[in-house]
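Going line by line, the protein sequences match chains U and X. Under the working numbering, the first residue of the first sequence is numbered 1, with each subsequent residue one higher. Under the working numbering, the first residue of the second sequence is numbered 1, with each subsequent residue one higher.
Mixed in with the good hints there might be a few duds.
Stated by the list, open to error - Covered stretches of chain U, as calculated for chain X (at least 3 residues, CB under 8 Å): (1) 2–16; (2) 28–38; (3) 55–65; (4) 117–128.
Said to hold, decoys possible - Looking from chain U toward chain X, a few residues come up when the C-beta cut is under 8 Å (computed): (5) Thr-21; (6) Ala-47; (7) Gly-100; (8) Cys-102; (9) Ser-104.
Unchecked claim - Mimicking DSSO-like on lysine-lysine, the simulated pairs with C-alpha atoms at most 30 Å apart in a straight line are: (10) U/Lys-32 - X/Lys-429; (11) U/Lys-32 - X/Lys-329; (12) X/Lys-224 - U/Lys-32.
No lab work stands behind these hints: they were computed from the structure. Computed from a prediction, not measured in an experiment: that's the story for all the values here. The beta-carbon is built from N, C-alpha and C at its ideal position, and this holds for glycine as well.
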Amino acid sequence: MVTYQLNINGLRREVTVDPSTPLLWVLREDLKMTGTKFGCGISACGACTVHLGGVATRSCIVPISHIGDRPIVTIEGIGQDSVGQAVQNAWVEKDVVQCGYCQSGQIMSAVALLKHTPKPGDQNIEESMGGNLCRCGTYPRIREAIKSASAEIAKGGA
Amino acid sequence: MVASINNQRDLNRRGFLRVSFAATSGLFVSLYLDLDLACKVLAQEGPQAATQAKVYPPDAFVNIRPDGKIVIQVNRLEFGQGVQTALPLLLADELDADWANVIANLAPAADVYKDPMLGIQMVGGSGSIAHSFKQYRELGAKTRAMLIAAAADRWHTTADKIRTEAGVVHGPAEQSATYAELASEAAQKPVPANVSLKDPKEFRFIGKRVKRLDGRAKCDGSLKFGLDLDVPNMKVAVVAHPPVFGARVKSIADHEARRIEGVRDVFEIPLAKGTGVAVVADKFWPAKQARSQLKIEWDFTGVERADSAELWTRYKQLGLTPGNVAASKGDAKAIDNISASNRIVAEYEFPYLAHTPMEPLNTTVRFDGDRAEVWAGSQFQTFDHMAVAEVLGLKPEQVTFHTEMAGGGFGRRAVTDSHVQREAAAIAKRLRGTPVKLVWTREDDVQGGYYRPMHFHRVELAVGPNGLPVAWRHVIVGQSILAATPFGPMMIKNGVDQTATEGTADTNYNIPNFHVSVHHPTVNVPVLWWRSVGHTHNAFVMETLIDELTSRARIDPIAYRRKLLKPEAKKLLRTLDLLEQASASWRNNLPKGHALGVSCHESFETGVACAVDVSIENKRPKVHRATIAVDCGLAVNPLTIESQFQAGIGFGLTQLMAKGAITLKDGVVEQRNFDGYVPPYIVDAPVAVDVHIVPSTEAPTGCGEPPVPVISPAVVNALARLTGKRYRTLPLTQI
């Protein structure tokens, strides 16, 4: 067991865990932040996506020992960010979710996309969202919500 | 605390309604609609017994709280389909509630929450709205009538002079009171035996595009699914399942596993088939690590090792002989008299499919000796509740069963053998006093069975001079889903499991000589309903063959279908008309390299027609656009219907994915996770889907499953126009 200091959603958190433990399970079980989801454990579905040092990252395969001092942002904290808030609002406005289980990861990937590419086309969306699985199949509305959030951000409405 | 007033009113009221009152908590109304059970009790034991048969929770359906919030219990699992919004919407409309004050809650397992038509607490067959439409409206109307009666007393007037609006009761002399203010008085009013329901033109919420109640909580990480549950002192368990279904543990070497910090116990447990090894730890990660360190020797004695290649050989052989008769019309030999040039023989292969809902399967159980508590995202609460009680040696009333929000299901959480809950209960039994959350990893899920059965279809058909089919002989081969369930004896008729033939045997096409038969081989692979069940393969066969005939006859695919449909297939005919109109702007103006694909199919009493614009990109079908027309009777929430269809067709594309198959070799499933079994990602899904609803005042029918059957045939029908090939073997590994 090793003690780690983490910066999560702007707050300093301390955990003592086995160094091999993936960030996902530290968030979910040690810090009780269950908004980040377990879907596959092999970085194939994107349900566990968080921002690590500003980069959309699959937390199910990143051992806690590899985090270092990079800040972590999760679904619980993304609303503090103006782009994050715009994306969450667009998701609600477009009634995107169905079962909702993948949507934390979808939103985290969408925020990363819009921060990098404020006006994404369909191809940008397919590339950036390409690893986020939604079994309900809400993809057409995800596309719409990303475009709608992009327009809101451009208007400065976020 | 809630004090139950066990009223002494007339039989109807006593039989079906129960009211209770709590000074601090407002009005509770619960409506007991288990008609079947009530009738049986009445018949056997007389009227007195009916009221004493069961005690239901007093807050069974509606609770008008002093703070004005109206908590509505939802008698079904929410796992994306939107019932947690739609059922409260029905009730709130008749209640004239303020929608902003409505809170929905998933009800626990209890008799009062059984499906009023089916007598089981469950979600299935796209029946939630169809079966509970009247139930929830009546609940709302009766609650409103009691509020009005209370106001009439208070204001010394009569009910007919009182009106309601958005949670407020208004009297003739401009008096007004909120529902919350009147709740306590209303609770003491008799529950009306009969109420009149609104005329559709008075609806305030029904028929409007109402957003989901759980939308925000599913976007900010705050909504708790079953897997997110955290009970004090809880342990986490994973189970090592046998590599071949039904194998048993011969020996366990757990020395390495037990050395992992946080591991608490390793022990053998019974499974639905065979045995497995449970690992219990403080948290998930050590449990999973420890499982990978187990060295288990398995006993395969007497265990059949299913093998896909061998099964195909066996199925194809069976397909050459007639099976049990599922449909028989006209002359079975008519086809033999038609010249070979007017005949088509088509063989289709459909693999096993896993459901892979995004939230892995899980159940939490705490066993305290004389009682237990269970938390599960269950589609079949009645079965799962009883299964846990049985494993723990308790009566169901000693087991509290909470329904947890579930991350998808598509049929996977509707298992009559309750294997996940049984595993969890077996582990909890050993841990006695300590709650345990059983987690199935994705590997457990992909390899764990309960698949859509693999199927082989062989069709011989003949066309007449007008290009329409005149004779059709169809043999289906596939395991029976129902055979292994308690529904089997009741629902399998003449050796035909209708869940294997639905969509073919009951086709809406008018074919004069039409014969369908089915073989149900027994295979050591657990099978299960997969969203839209038999329609997944039957619609594919019917709609691709019909499409082949439209091309052959050089008739427009919409016109051809309309011509061939029986006149009584009104829903499909209406959807085809609407589809023709709604897709007119693009259907005949496609860019080069794009093609149109059309299909239509009725399932679960909902008619659906579909047109897609498809090209080939990176050797895969790209669906640029899909236009859907749907007739599901009265559209309760058009926004949900639109969403279900937009997304549900994406789910339906699972069976066209290049790696969209579960295969077995020597008894072992060859796929492990989303790397080997790959469902559709955003790039594979339709880019845009427009959904058009046929205006209707007919009884509402389902929308959960009906999107699925139409999409894969429509897409391959378009591919056939692009490549000239017919696609009859799934998954679609090559185009």
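- Given hint U/Cys-102 near chain X, where the shortest CB pair must fall under 8 Å: 5 Å, holds
- If you take the shortest Cβ to Cβ gap from U/Ser-104 to chain X, is it below 8 Å? Hint holds; U/Ser-104 Cβ to chain X Cβ min 5 Å, cut 8 Å.
- Given that the region 55–65 of chain U was listed as covered by chain X, double-check it with a C-beta distance under 8 Å for 3 or more residues. Since 0 is below three, the answer is violated.
- Task: Establish whether the coverage given for the region 28–38 of chain U by chain X is satisfied; the threshold is a Cβ-Cβ distance below 8 Å, and no fewer than three residues must meet it.
- Result: holds (count 10)
- CA of U/Lys-32 to CA of X/Lys-329, is that 30 Å or under? Violated, at roughly 62 Å.
- Message: Holds or violated: the hint that U/Gly-100 contacts chain X, with Cβ atoms closer than 8 Å.
- Response: Since the shortest Cβ distance to chain X is 3 Å, the answer is holds.
- Message: For the region 2–16 of chain U, count the residues whose Cβ lies under 8 Å from any Cβ of chain X; is that count three or more?
- Response: Check failed, 0 qualifying residues.
- Query: Against chain X, is U/Ala-47 within 8 Å by beta-carbon distance?
  - Reply: Check passed: Cβ of U/Ala-47 comes within 6 Å of chain X, closer than 8 Å.
- Given the proposed pairing of X/Lys-224 with U/Lys-32, does the C-alpha separation stay at or below 30 Å? 11 Å, holds
- Message: Holds or violated: the hint that U/Thr-21 contacts chain X, with Cβ atoms closer than 8 Å.
- Response: 5 Å, holds
- Query: Count the residues of the region 117–128 of chain U with a beta-carbon closer than 8 Å to any beta-carbon of chain X: does the count reach three?
  - Reply: Check passed, 3 qualifying residues.
- Quick one, are U/Lys-32 and X/Lys-429 close enough, alpha carbons at most 30 Å? 26 Å, holds
Violated hints for the displayed structure, listed by number in ascending order: 1, 3, 11.
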